[in-house]
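For chain C, the structure is supplied; the task is to place chain V on it using the hints.
In order, the protein sequences belong to chains C and V. Residues in the first sequence are numbered from 0 upward in steps of one, following numbering that gives the first Met the number 0. Residues in the second sequence are numbered from 0 upward in steps of one, following numbering that gives the first Met the number 0.
Hints were generated in silico from the structure; no laboratory data involved. Being a predicted model, the structure only gives us computed values, none of them experimental. Keep in mind that a hint or two might mislead.
[Stated by the list, open to error] Simulated DEER-style distance windows between Cβ atoms:
no., chain 1, residue 1, chain 2, residue 2, range
1, V, Ser191, C, Ala22, 14 to 24 Å
2, C, Lys59, V, Ala207, 11 to 21 Å
3, V, Arg35, C, Val160, 21 to 31 Å
4, V, Ala207, C, Arg125, 35 to 45 Å
5, V, Gly185, C, Glu181, 35 to 45 Å
6, C, Glu132, V, Glu176, 45 to 55 Å
7, C, Asp131, V, Asp154, 47 to 57 Å
[Stated by the list, open to error] Per the computed footprint, the stretches of chain C lying under chain V, defined by three or more beta-carbons under 8 Å from a beta-carbon of chain V, are:
no., region
8, 29 to 40
9, 155 to 164
10, 168 to 178
[Said to hold, decoys possible] To give an idea of the chain V side of the interface with chain C (calculated C-beta under 8 Å), a few residues:
no., residue
11, Gly23
12, Ala70
13, Arg143
Idealized CB from N, CA, C, for every residue including glycine.
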Amino acid sequence: MTPTMTPDEITKLIFRTALKERAAFDLLYRHTNAKLFGVCLRVLKDRAEAEEALQDVYVKVWTKADRFAASELSPITWLVAVARNHAIDRLRARKVPAAELDEAHAVTDPAPTPEAAASAGSERRRIDACLDELENERATAVRGAYLNGDSYAELAARFDVPLNTMRTWLRRSLLKLRECLER
Amino acid sequence: MTVADEHGPERRDDDLVAAEYVLGVLAADERAAAARRIETDREFARLVEHWEAQLAPMADAYEPIEPPANAKAAIDTRLFGQAREPSRPGLWSSLAFWRGVAVAAVLAFGAYVGLTYTSLPFGAPPAEEHRYVASLAHDDTDVRYLAVYDGATRDVALSHVSGARPEGRDFELWAIEGDNPPVSLGVVPVGSSVHVALDEALGAAIEAGAVFAITTEPPGGSPSGAPTGPVVALGDLRDI
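The shape of chain V in the complex, shown without the other chains:
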């Protein structure tokens, strides 16, 4: 039973168009039409993603080929206005050098871990180890947020990826730790990139492995302090 079979002939045809898009055989106008649908039609986008995953092992056959050394500088110029000063270009752009650095880093890390766990008292880990990221999503909606929690500042950064809030409703963010009742982190401010500050207890809950969820609530947030609307996106936090 495939996704296509469950939805009758139309879905089946969509499924084949998705396959053709991924395979790459469509003409320019058909490709453009499919690309527009990916942006607007969540179901179609899912079919495309499914085919991307299935055909992906064929991409093994692409041989890696080193691009010219100045390619990254050109990308940086386009994105950031000007490339960073490359210090000692001969050495820094050498693949062999970077391979060496990678090996050295692994060895150094091994040594550090060995040292930390055998002879030193447990010190505070560096700040960047306190960062967690979650992709908030739900199969029944197109609401997607990327959430990043920074333990050092107890700040949750939310990046809005897709999905609008329903008319006259607000999105509310919750942290759920184990079997405890969800704790409100407040109404999600409107915007593509927003921040929510947490208190110490919530910060600790998150570092203990809490899950983030977003529900729709009446304007201003749930009146009872517990979620009342459906969950539109959720996700667990990964250490980065």
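Here chain C stands alone, though its shape is the one from the complex:
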């Protein structure tokens, strides 16, 4: 996204898109497509599929923009949620053996470097600090799930624990994370 657009301006573009103004939709696309493509590509790890997903995402943005008006999310959070949820649905719909998926997901998500942490926004620093309070492996699993759309089954295989153990880990981690964020 180009830094010239404030969240308020993006909000207005989504409202105008809900009113079926193509000019607003064009502008919204121009200012958000790189971020949303980044989401699709990171989750799907396949350019052709990410391109198809991006098209689906903007079709949804056009047809469901009025839903944004009823939500209390910030405009970028709403857009990223539309993109992430769609990309993860596509990922789940794939019929690929788990072994291949493991390789495709070999990218790890280490905690951000000090430089990255220093330049990040305060909300990001806050959630990173809360993730740091979790056990190392669990924080990695939470980040991996959120950013790559890893499923319980994939995470269980990767960390070599039973699926139910992974579920218990992550549920506890999520509650701890929220407790920390609301502190």
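Relative to the frame of chain C, chain V by itself:
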């Protein structure tokens, strides 16, 4: 105290399913079930939204990546049948060009404002500055409308987002300005997208910062001219 704690064990389990849905770890069938609940269960949808907001800062880590230049044309074709003729594609699709335009626009706007406020008499602002939008909602109901007021035509466009009117009742739209009694804008016609025309006085009230509210009333609207039923949705107007 969290939303989940207030509603006992079932709510707590829903809360965790909402968290798992947002985190993205559920299997395909569980995701599909959760997505269906979001559409039909307002409470569950709220839990999901809460988690979306809480985990959102992690999305900072998604690096922006430029999609292929023809992606937008493909989207337009799917939505509108055919893409617009791209004039001078080399220039118009260039990011650097658009950044330049954005900067130029900001500079031009600055110059315009400077000029308007220092040396010119106050002219009529362009028509699009007369538009206001309100999201009408209420915590106790699932009634949602998007309202857009166009000052140039004094037209209120209402887009129905969710929530049905109760059996045998009508929705009535009101404008409330400051401490004045609510003024009826009439019964909201049935339909997903409807228009209500306003007279000049009401138009002025809206531009002065009135709030829109929707109540349920007997068929045909409030008999007394003042709201009698509960407010099911309300919202203030934002300038767009």
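Evaluated hints:
1. V:Ser191 with C:Ala22: 14 to 24 Å: Holds, since V:Ser191 and C:Ala22 (Cβ atoms, about 23 Å apart) stay within the stated range.
2. C:Lys59 with V:Ala207: 11 to 21 Å: Violated - the Cβ-Cβ distance for C:Lys59 and V:Ala207, about 37 Å, lies outside 11 to 21 Å.
3. V:Arg35 with C:Val160: 21 to 31 Å: With Cβ atoms ~30 Å apart, the hint holds.
4. V:Ala207 with C:Arg125: 35 to 45 Å: holds, 40 Å
5. V:Gly185 with C:Glu181: 35 to 45 Å: holds, 44 Å
6. C:Glu132 with V:Glu176: 45 to 55 Å: Holds: the Cβ-Cβ distance is about 49 Å, inside 45 to 55 Å.
7. C:Asp131 with V:Asp154: 47 to 57 Å: holds, 53 Å
8. 29 to 40: Held - the region 29 to 40 of chain C has 8 residues with a Cβ nearer than 8 Å to chain V, which meets the minimum of three.
9. 155 to 164: violated (count 0)
10. 168 to 178: Three-residue rule met by the region 168 to 178 of chain C, so holds; n is 6.
11. Gly23: Holds. Min distance 4 Å.
12. Ala70: It holds, given that the least Cβ distance between V:Ala70 and chain C is near 6 Å, below 8 Å.
13. Arg143: Constraint on V:Arg143 satisfied, holds at 4 Å.
Hints 2 and 9 from the list above are not met by this structure, while the remaining hints are.
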